[in-house]
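S.K.: Each chain, letter by letter, is given below.
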Amino acid sequence: MKLFVTGASGFLGQYIVAEALRRGHQVSAVIRPKTDLSRLSWYDHPEVKLVRLDLREMSGLIESLQGVDNVIHLAAVKAGDFYTQFAGTVIATENLLTAMKKAEIQRLTAISTFSVYDYLNMRSGKVLDENSPLEKNPLNRDEYAQTKLIQEELYRNFERDGGQVAIIRPGMIYGRDFLWNACLGAELGESAWLRIGASAIMPLSYVENCAEAIVIASECERALGQTINIVDDNLPTQNIYAKKLMEYMEKTPRTFFVSWTVIRLIARSAWLYNHWFLKGKARLPGIFVPAKLHARFKPLRYSNQKAKEVLNWKPKYSLQTAFERSCSDADLLAVPVPESTVSKVA
Amino acid sequence: MTTLVRTSTLKATVIGTGLISKEHLSFLAESNRANLVGVCDLSEAAANYATQRFGAKKFYTNYRQMLDEVKPDVVHILTPPHTHKTIAMDCLQAGAHVICEKPITPTYDEFKELWSFAKQCDRHLIENQNYRFNQPIFKLQKLVQEGTLGEVEDIEVRMALDIRSGGRYADENLPSPVHKLPGGVIHDFLTHLCYLTLLFLQDFDGVKVAWNNYGGGDLFKYDDLDALVFSGSKHARIRFSSYTQPDCFSVILRGSRGYAEADLFQPYVRCIVPRAVGKQLSPLANQFSNGWTLMSASVNNFRRKLLQQTPYEGLHFLLDETYKALQENKPLPIGFEDMELTSRLVNALVSQENYL
Numbered sequence: 001m002k003l004f005v006t007g008a009s010g011f012l013g014q015y016i017v018a019e020a021l022r023r024g025h026q027v028s029a030v031i032r033p034k035t036d037l038s039r040l041s042w043y044d045h046p047e048v049k050l051v052r053l054d055l056r057e058m059s060g061l062i063e064s065l066q067g068v069d070n071v072i073h074l075a076a077v078k079a080g081d082f083y084t085q086f087a088g089t090v091i092a093t094e095n096l097l098t099a100m101k102k103a104e105i106q107r108l109t110a111i112s113t114f115s116v117y118d119y120l121n122m123r124s125g126k127v128l129d130e131n132s133p134l135e136k137n138p139l140n141r142d143e144y145a146q147t148k149l150i151q152e153e154l155y156r157n158f159e160r161d162g163g164q165v166a167i168i169r170p171g172m173i174y175g176r177d178f179l180w181n182a183c184l185g186a187e188l189g190e191s192a193w194l195r196i197g198a199s200a201i202m203p204l205s206y207v208e209n210c211a212e213a214i215v216i217a218s219e220c221e222r223a224l225g226q227t228i229n230i231v232d233d234n235l236p237t238q239n240i241y242a243k244k245l246m247e248y249m250e251k252t253p254r255t256f257f258v259s260w261t262v263i264r265l266i267a268r269s270a271w272l273y274n275h276w277f278l279k280g281k282a283r284l285p286g287i288f289v290p291a292k293l294h295a296r297f298k299p300l301r302y303s304n305q306k307a308k309e310v311l312n313w314k315p316k317y318s319l320q321t322a323f324e325r326s327c328s329d330a331d332l333l334a335v336p337v338p339e340s341t342v343s344k345v346a
Numbered sequence: 347m348t349t350l351v352r353t354s355t356l357k358a359t360v361i362g363t364g365l366i367s368k369e370h371l372s373f374l375a376e377s378n379r380a381n382l383v384g385v386c387d388l389s390e391a392a393a394n395y396a397t398q399r400f401g402a403k404k405f406y407t408n409y410r411q412m413l414d415e416v417k418p419d420v421v422h423i424l425t426p427p428h429t430h431k432t433i434a435m436d437c438l439q440a441g442a443h444v445i446c447e448k449p450i451t452p453t454y455d456e457f458k459e460l461w462s463f464a465k466q467c468d469r470h471l472i473e474n475q476n477y478r479f480n481q482p483i484f485k486l487q488k489l490v491q492e493g494t495l496g497e498v499e500d501i502e503v504r505m506a507l508d509i510r511s512g513g514r515y516a517d518e519n520l521p522s523p524v525h526k527l528p529g530g531v532i533h534d535f536l537t538h539l540c541y542l543t544l545l546f547l548q549d550f551d552g553v554k555v556a557w558n559n560y561g562g563g564d565l566f567k568y569d570d571l572d573a574l575v576f577s578g579s580k581h582a583r584i585r586f587s588s589y590t591q592p593d594c595f596s597v598i599l600r601g602s603r604g605y606a607e608a609d610l611f612q613p614y615v616r617c618i619v620p621r622a623v624g625k626q627l628s629p630l631a632n633q634f635s636n637g638w639t640l641m642s643a644s645v646n647n648f649r650r651k652l653l654q655q656t657p658y659e660g661l662h663f664l665l666d667e668t669y670k671a672l673q674e675n676k677p678l679p680i681g682f683e684d685m686e687l688t689s690r691l692v693n694a695l696v697s698q699e700n701y702l
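Order-wise, the sequence lines are chains F and U.
Quick note on my numbering: the first sequence kicks off at 1 and runs consecutively.
Quick note on my numbering: the second sequence kicks off at 347 and runs consecutively.
FYI, nobody ran anything at the bench for these hints, they're computed from the structure.
Note that this is a predicted model, so its numbers are computed, not measured.
Please note: incorrect hints may appear among the correct ones.
[As the list claims (entries may be wrong)] In silico negatives: residues of chain F with every beta carbon more than 12 Å from chain U:
1) 37
2) 50
3) 122
4) 153
5) 272
[As the list claims (entries may be wrong)] Here are the in silico distance ranges between beta carbons for each label pair:
6) 33/F with 682/U: 39 to 45 Å
7) 243/F with 559/U: 47 to 53 Å
8) 79/F with 376/U: 27 to 33 Å
9) 561/U with 237/F: 29 to 35 Å
10) 283/F with 549/U: 40 to 46 Å
11) 644/U with 49/F: 52 to 58 Å
12) 549/U with 62/F: 52 to 58 Å
13) 492/U with 80/F: 40 to 46 Å
14) 283/F with 492/U: 33 to 39 Å
15) 283/F with 375/U: 15 to 21 Å
16) 559/U with 156/F: 45 to 51 Å
17) 667/U with 280/F: 23 to 29 Å
18) 243/F with 485/U: 54 to 60 Å
[As the list claims (entries may be wrong)] Pairs of lysine-lysine residues, derived as DSBU-like cross-links and limited to a Cα-Cα distance of at most 35 Å, are as follows:
19) 49/F with 78/F
20) 651/U with 136/F
21) 458/U with 281/F
Where is the CB? At the ideal position from N, CA and C, for every residue including glycine.
Please put together the full structure from these sequences, using the hints given.
M.R.: Rendered as structure tokens:
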């Protein structure tokens, strides 16, 4: 299959390209014009075609989609102000979908996020799955959640116009260089942590597990028209994950703990004060905004049942193996070149 | 100019939904002088979002279609500078007054052409010169008018912004269109620097300017500006720096009796003038007074930050005054002289014959 992967040089994208190549696909890897290729082991693989363009503009997009069977759309912006994220996530998606229509490509594996769910109105301890309600008040959430919600609307519109879409919502993705997780709390400089909560289950997805699920979804007819959450098996609690993380750190950080109950009460009080006395005009830090706080720390349970059933997928790596691989010297992006290709080149 | 004597709301539309649109649209959404009837952007998703977020009636992706259907009284043009003239002419021809983001045109000649066209169409043309209407600037003007500083002889307008190490201007993948302005990215801020200088200098008869690109590379044309502007015996310095921190937008006025300093990003005004306690004790009195000023400013600025009050307070004031003037057929807060003089100074600063 010829796959067109946007955001190919991003944290998840680079693993998706590697996994797609291992599974025998040809990949058009979309990277930005100035992206440095040196860290991408697969950049000169014979089945990779590098497509240098910026999705915030249409230039060259339709031409580069010619002959593609399926698009895996990952490109998004997670940092910067709302308008920066809007351009990098929403306008980029709008341009891609417009180009796909013009190039008459229908199949899309669209990567969304757990951030689109409505955590505030979910009861603690409940199972968050694909049927859980989406956020109804995006303005109470961060820019990432706001723009990803708009992005999902664009996917639905594309589907209504005849597109075949599988929406994949990964949980919190971790892996090499990204082992710290926002569900633990906040890093205070380089040597201290503020831990919020202790026993909430973390909706984690190890990057290689997630990449495999996404590539399978792009191959799988049954995934079309579906929304599928991706998390690992045997999800750890915050304490277990933090302990594991510290095992692999050279120096143990000084840790300050705030319980979920206390921080929830503080956030609720701050929100009420803002609502009653400041007419909701105050912009408080995220941990004092209930909708943002609940999205990161609320104790919930998570299911990957649908992913297993629809994709016939099982997360390959456990938490322990994921940490071992992430902290090893192994090149996780290395893809062997098939013998037939080697002999053809020779 | 055709009179528009009425107190009913004015039909307003917005073209361009980038970063600055948030300020224009939030004003229009809350103002009882304006009725936001349309929003236009090349991106349907962006136009649709702005329409829903700020309660506009309808969104468009073609501004000419919007002008035909809606027939707005006022159009806000918030697109990149090189598009202003064409869009503004279409809006003026369609019978709308135009409020345009800075710089109104990339060159002085284009400004004159556009102004002449607005006169032909009997419509108003207003450039956004928002910082003129910020509280610290009003305070400085009051100090000058009351003679507290004596005769103002020296003016310094300085902006420090770390534009090189990140953000939209440093994006090499999709360079901002303002890189193509004659003064590069700094040109995008030059209007602000110039109208604030002219607010206190009144006019100018000579300019010397040093443009530099200390960071090198192909993306930035310049990242540093140092200019001297002369008006008779008065001097002004216009400075843009990418390498000094923290970010600031300061105005310093030095007069024959004393001096005053203001910052627009972290608002405060401090003043060093002769005090009633006499020449010997005036320095001490000034330090006590300035200490109190800075402490008060820290509390006020914490409150401003918490309540999301931005340096765009002047834009909301300017827009309200503009709509009021249009409704009541009174003089606009930004007139031809303000725009012409500003555009002429910007032109002088980017003219090679004035380079050091």
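S.K.: Which numbered hints turn out to be false for this structure?
M.R.: Numbers 4, 9, 21, in rising order.
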